[in-house]
Every structure is written in structure tokens, then in C-alpha cells.
Amino acid sequence: MMKKIMVLLMMMIVAVGAKSMEADKLYYALRDKVMKVKDYTADVKIKIDVNYMRIPEVKGKLFYKAPDKMRLERNGGLSVLPKKNINMTLSNLMPTGTVTALDAGSETISGKRTRIIKVIPDGESNIVLAKLWIDEGALTVLKTETTTKDQGMILMNLEYGAYSAYGLPTKVLVSMDVKEYKLPQGVAMDYNDPMEVKQKPKDGKPRKGTIQLTYLKYDINTGLSDNVFKKPSK
Amino acid sequence: MIKLLRIELFKIFRRPRTYISFGIVTAISLIIQLAMLSGGKDFVSFGMQGVTDQFDIQGDIINGYFVTYIILQSLLVQIPLLVALVAGDMLAGEANIGTLRLLLTKPISRPKLIMIKFLASLVYTILLIVWLAVVGLFLSLAIFGEGDMINMKSDAFIMILKNDVMWRYVAAFGFAALAMTAIAAMAMMLSAFADNSIGPIIATMGIVVVLTILSSLELPLFNLIKPYLFTTHMIGWKGFFDDQVPYGAIGRSASVLVIYTVAFLGTTIAYFNKKDITS
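Residue numbers (the working numbering), protein chains in the order written: chain A, 13 to 246; chain B, 237 to 515.
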């Protein structure tokens, strides 16, 4: 009896080990696919929904170059993007180098069965933990939950279309923690309804903000120059 | 009526002091434009700190539309003085130089005379606002170019697309003209009470300064009276630069300013009708 239990335990340990290796392999395969995109230029629509930012949906051209260069061009208009450590690309939310990947179950997202894996970088990284919902058949990530050291948790939901072979989404929704914004009255350009009762002061707690990017068309791996990402000197 | 209005306008525009106002508006606009050219970046980066901590903003924030807003924010506090310089002189100035009694010997009713003088003040006020648009808005656009406009509120960062800005300025200048009309009416009312023009001009400015302080102080006692002060409503033009324009609030502010204008004019006519003109 004791021998049977030991054999069963051994089999379970081996099975868990094998599954863990599969998670590693899946992660590396996925990362290799995503990293094949060295640069792209995309026509995009961007909508920022942050409690203190009131920005209309804008269209523009998004330039990306691996690993972390990104620029939105709006034909002379202003462009607002999260700082580069909250890059809007999947590759920046996937730990680099060797990692430990663990299976964390499965879930159905938009009718697709996904496998959930948790990824912990082995070396020094701004990413503490990344949780990925992977469509194994298409080898695409439908959802990520990345915990970073300096920007808290970043959630990303992705939808795919014509560019799924490159692992590039057609729609991305990023949710992240945003800090409170407060400007001294002396420099503010305020106008409040004089007849209205003043609102209560804010509590200073971080809020959630979302950024929705819709990719209309991609030009991939065209060899974008670094000059494209240089800020115009003014 | 038109002939009398022309005469009043002639009186206003033949005086060198009238042009001082246009000179002051030009000078302040140029100073702010120069300051924004040299140190605008520091001003903007200070105001944008809360946003740029997490977001990267690319493009020309300091453009003509943004600079115009800074000019308006600074100048619309001083313009009441410039309006008072002329409107406060309309009746008291005539009394001071002894021409008021002579003027009233003409076959024209006192209310009509008041209305003509008020219309002349209104023309001057509107021309001053138009001039502010020329040197504030159009010159800024010429120097800094156009672009998306940002509005840095104390609790929000608003971006208005460049093709959505110009109508807001047209509306804002219109509202500013309405606010200055109320000031002109008040200055004329004070002018009717006095026999020299210095008193009404200083009194107008004094009232505007005191009430502006009351309007801007965040104290419970003042909060009760704020909605009833015309100075509280004079900044209604800023509402046009919100992402969702608060038409209701702007409409209420405009109504309060119209009510004050009518009240000041009514008081002027009522008082001047019974006034014993001795000079």
C-alpha cells in the first residue's frame, strides 16, 4: 500500500514538473513570436479614459521600435501616451531573459479557451509578476495582468484580426493605476458653476485609468530609423 | 440718435487717454507673449507635472491658443479699469468741464442722453475687446502657430482639438464683452453721482477689486454671497474651454450680468432724471 502511494506521489511530482516545463516552453514560444516584430508603423485611434484627463478620441500614426521606443504622430497636434515604462505593446509587459512559468488554470475569454500561466522573471526586472491568458491554438495573448515595481498593476485586454500571425492585436485596452492630479489654484485655469455647491476634496487614492488603442493598419518590420523617435527640438 | 452717438464717439476718440487703453492692452499682450517665448516651457512643465509623471506629451503645447488663454486670464482683470477710464468719465467729465448743463439745454430727454452715452461706452468697450482679440489671439497665432489647446484646471487636464478651438474664443470674447458692458454700466452710474471723473473711475476699480477678492476667497461666509456678485460671473468665458461646455452655468452667469447692467442703467436714469444739474 505504502509503495503504491509513493509511486502515485512520484507520478504527480513528475506530472507537475512536466506541466511546468510546458508552461515555460509555451511562454518562450509566445515571446519569440512577439519579439519577431522589430518595428511597426500603424494607423491608430486612441481613447484615453483617465479620471482627470479629458481628451477626445484622436487618430494618428503610431511608430514602434523594439524594445521600447514608441511615438504617436498626429499631424501637428498634441499626442498623449503613457510613459515608456507602461508601454502599450505586449512585448513590454512580458519579462525578458530566463523566467519561471507556472500553470494557473484556464479560462474562456470571448468564446476562446485560454490557458493561464504566471511568469516570474529570474533576473532583475521592473516586472514582478506577469499573468498571461494564452490562446494556445493561435499562440496569442488575450489578456495580461502585469505587476510592476513602479507603476502598480497594468491590465491589458487584446483582440486580434488580420495581424494575429505576428502576434499583433487590432484592439488593446490597457487599464492601469493613475495618481491623483492637483494643480495650485494660482496657475489653474478653473471655471466652476458659481451657483453650484463645491465638490468634496479628493481622497488622494490611486484610480484606474484605461487607454484604448484601435489599430487600423500595420506596416511591420520596415526598419524604422531611431530618428523617427527623436523629439523635435523646440 | 445716430448723429448724437457719433458726437459722443467723437468725444471719446479725440481724447488721447482713450488710446492709452489700447496701448496698455497691446503692451500686456506683448509682454506675456515675450514671457511665453522665453520661459513658457518652465511654466507649462510646472503646471503639467501631475500629468507628465505618468504620461508623455509630445507636440507644441505652447501654441497661439494656449498663449491667448494666458493673456485673457491676466488681462480680463485689468480691463475693467480701462473701461472705467472712459465710461466713468461720460457724465462726470461733462459736469467737470461745465458742459453738462449746456448739453441738457438741447431738445433731448435725459434718459435718451444716458442711453446714447451708454451706447458710446459700449462701442468703446467692444472695440477694446476686438483689439484684445487682434493682439491677444491673432498675434499669438502668428507668433506661436495653431495647435491643440490644453486647459490646465486644478483637478483636470483638458485637451481641445485645434479645429474645435476658434469658436470657443469667439464665444469667450463675446462673453467678455458682456462682462465689460456691466462694468461700463456701473462706471456710468457712479459717473452720474459725481461731478469729477476721477471719483467714478477709482470707485469702479475699487468695487471691482474688492468684489473680485470676495469672489475668489474660499471662505464659508463669502460663499453665501458669491453667487450674487457680478465679479463671480465675469469669468464665465472660461466655461467655453471645458470639454463639456457648461451652457447652463454660462447662461446663468450671462443673465446675472445682464440683470446688473439693466439695474445699473436703470439707477443711472432714475437718479439723473431727478438730479439738479448745476455745472
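Simulated from the structure, these hints should not be mistaken for lab results. Quick reminder that beta carbons are idealized off the backbone N, C-alpha and C, glycines included. Any given hint might turn out to be false.
Unchecked claim - With a straight-line Cα cutoff of 16 Å, these simulated EDC-like cross-link-like pairs (lysine to aspartate or glutamate) come out:
hint, chain 1, residue 1, chain 2, residue 2
1, A, Lys-95, B, Asp-289
2, A, Lys-191, B, Asp-289
3, B, Lys-398, A, Glu-85
4, A, Lys-191, B, Asp-391
Said to hold, decoys possible - Here chain A is said to cover these stretches of chain B; the calculated rule only asks that three of the stretch's residues, wherever they fall, bring their Cβ under 8 Å from a Cβ of chain A:
hint, stretch
5, 254-265
6, 320-326
7, 425-434
Each hint, compared with the structure:
1. Distance restraint check for Lys-95 (chain A) and Asp-289 (chain B): the Cα-Cα separation of roughly 8 Å lies within the 16 Å cut-off, and the hinted pair is therefore satisfied.
2. For the hint pairing Lys-191 (chain A) with Asp-289 (chain B), the CA-to-CA distance comes to about 9 Å; that is within 16 Å, so the pair holds.
3. Our distance criterion of 16 Å between C-alpha atoms is met by Lys-398 (chain B) and Glu-85 (chain A), whose separation comes to about 15 Å.
4. This hinted pair checks out: Lys-191 (chain A) and Asp-391 (chain B) have alpha carbons roughly 12 Å apart, not beyond 16 Å.
5. By the rule of at least three residues with a Cβ nearer than 8 Å to a Cβ of chain A, the coverage given for the stretch 254-265 of chain B is violated, with 0 such residues.
6. Remark: the stretch 320-326 of chain B is not confirmed as covered by chain A, as 0 of its residues place a Cβ nearer than 8 Å to a Cβ of that chain, below the required three.
7. Under a criterion of three residues with beta carbons nearer than 8 Å to beta carbons of chain A, the stated coverage of the stretch 425-434 of chain B fails, only 0 such residues being counted.
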